[in-house]
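Sequence lines, in order, name chains A and B. Position 57, counted from 1, in the first sequence is what the working numbering calls 57; the numbers after and before it change by one each time, with no gaps. Position 113, counted from 1, in the second sequence is what the working numbering calls 113; the numbers after and before it change by one each time, with no gaps.
To be clear, the hints were calculated from the coordinates, so they are not data collected in a lab. Wrong hints could be hidden among the right ones.
To be verified - Below, a list of computed lysine-lysine pairs in the DSS-like style, where the Cα atoms sit at most 30 Å apart:
{"id": "1", "chain 1": "A", "residue 1": "K71", "chain 2": "B", "residue 2": "K49"}
{"id": "2", "chain 1": "B", "residue 1": "K61", "chain 2": "A", "residue 2": "K36"}
{"id": "3", "chain 1": "A", "residue 1": "K71", "chain 2": "A", "residue 2": "K44"}
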Amino acid sequence: DTAVSQTPKYLVTQMGNDKSIKCEQNLGHDTMYWYKQDSKKFLKIMFSYNNKELIINETVPNRFSPKSPDKAHLNLHINSLELGDSAVYFCASSQDQGDTIYFGEGSWLTVV
Amino acid sequence: AQSVSQHNHHVILSEAASLELGCNYSYGGTVNLFWYVQYPGQHLQLLLKYFSGDPLVKGIKGFEAEFIKSKFSFNLRKPSVQWSDTAEYFCAVIPLNTGFQKLVFGTGTRLLVSP
Chain A
1 DTAVSQTPKY
11 LVTQMGNDKS
21 IKCEQNLGHD
31 TMYWYKQDSK
41 KFLKIMFSYN
51 NKELIINETV
61 PNRFSPKSPD
71 KAHLNLHINS
81 LELGDSAVYF
91 CASSQDQGDT
101 IYFGEGSWLT
111 VV
Chain B
1 AQSVSQHNHH
11 VILSEAASLE
21 LGCNYSYGGT
31 VNLFWYVQYP
41 GQHLQLLLKY
51 FSGDPLVKGI
61 KGFEAEFIKS
71 KFSFNLRKPS
81 VQWSDTAEYF
91 CAVIPLNTGF
101 QKLVFGTGTR
111 LLVSP
């Protein structure tokens with residue numbers, strides 16, 4: 001049973017397209033996150049939701065729009081994809097802010 | 001700017017050598033501390049964490065870390081590494097006295113263990 005699952009795992013798409021990455025956690029956690037890992041392996045938080053409410057938005061371009069239909073799901077939609085969006089996107093969750101964060105397996109996005 | 005620093009970007013060791021990876025943070029106040037490991041092509045896994053109590057914490061796979069508050073450090077150690085420890089290691093901090101508590105990562109240390 002995967003605790004934090006995200007789909008798709010691999011995504012190759014052309015510039016200008018719109019794509020979504022879905023994430024679900026079955027841990028019963030209240031807080032979910034999206035992190036971006038760039039080509040140099042640097043990890044940075046993008047968004048955080050607590051009980052479906054946005055609590056952190058880290059100066060991410062508004063082409064990125066998270067949506068949380070319920071506290072177990074946090075999807076990431078990206079409009080007008082650019083080459084620089086190529087990265088690994090990790091979904092994660094924790095019981096509360098400050099608690100241990102559990103990561104999904106990552107979604108490898110390549111924009112060509 | 002407040003940050004998490006990992007001074008060793010690349011470390012190469014032979015099997016059975018001892019490992020110590022440095023991690024320093026610049027946040028004042030109370031923090032929660034973590035080490036995560038990312039094996040090649042895989043996701044982040046928690047190695048160990050420190051919230052409070054004994055500053056020497058033991059994690060999985062024989063890893064341990066020591067929190068030294070006066071030095072703002074949380075160094076990771078393993079007495080004898082194995083080839084399977086080849087991975088990227090990330091120190092991370094959650095500062096607790098901020099409005100929004102978010103996990104901030106260091107830049108990572110790539111460990112290569114040669115057989």
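Consistency of the hints with the structure:
| no. | hint | in the structure |
| --- | --- | --- |
| 1 | A:K71 x B:K49 | holds (25 Å) |
| 2 | B:K61 x A:K36 | holds (27 Å) |
| 3 | A:K71 x A:K44 | holds (22 Å) |
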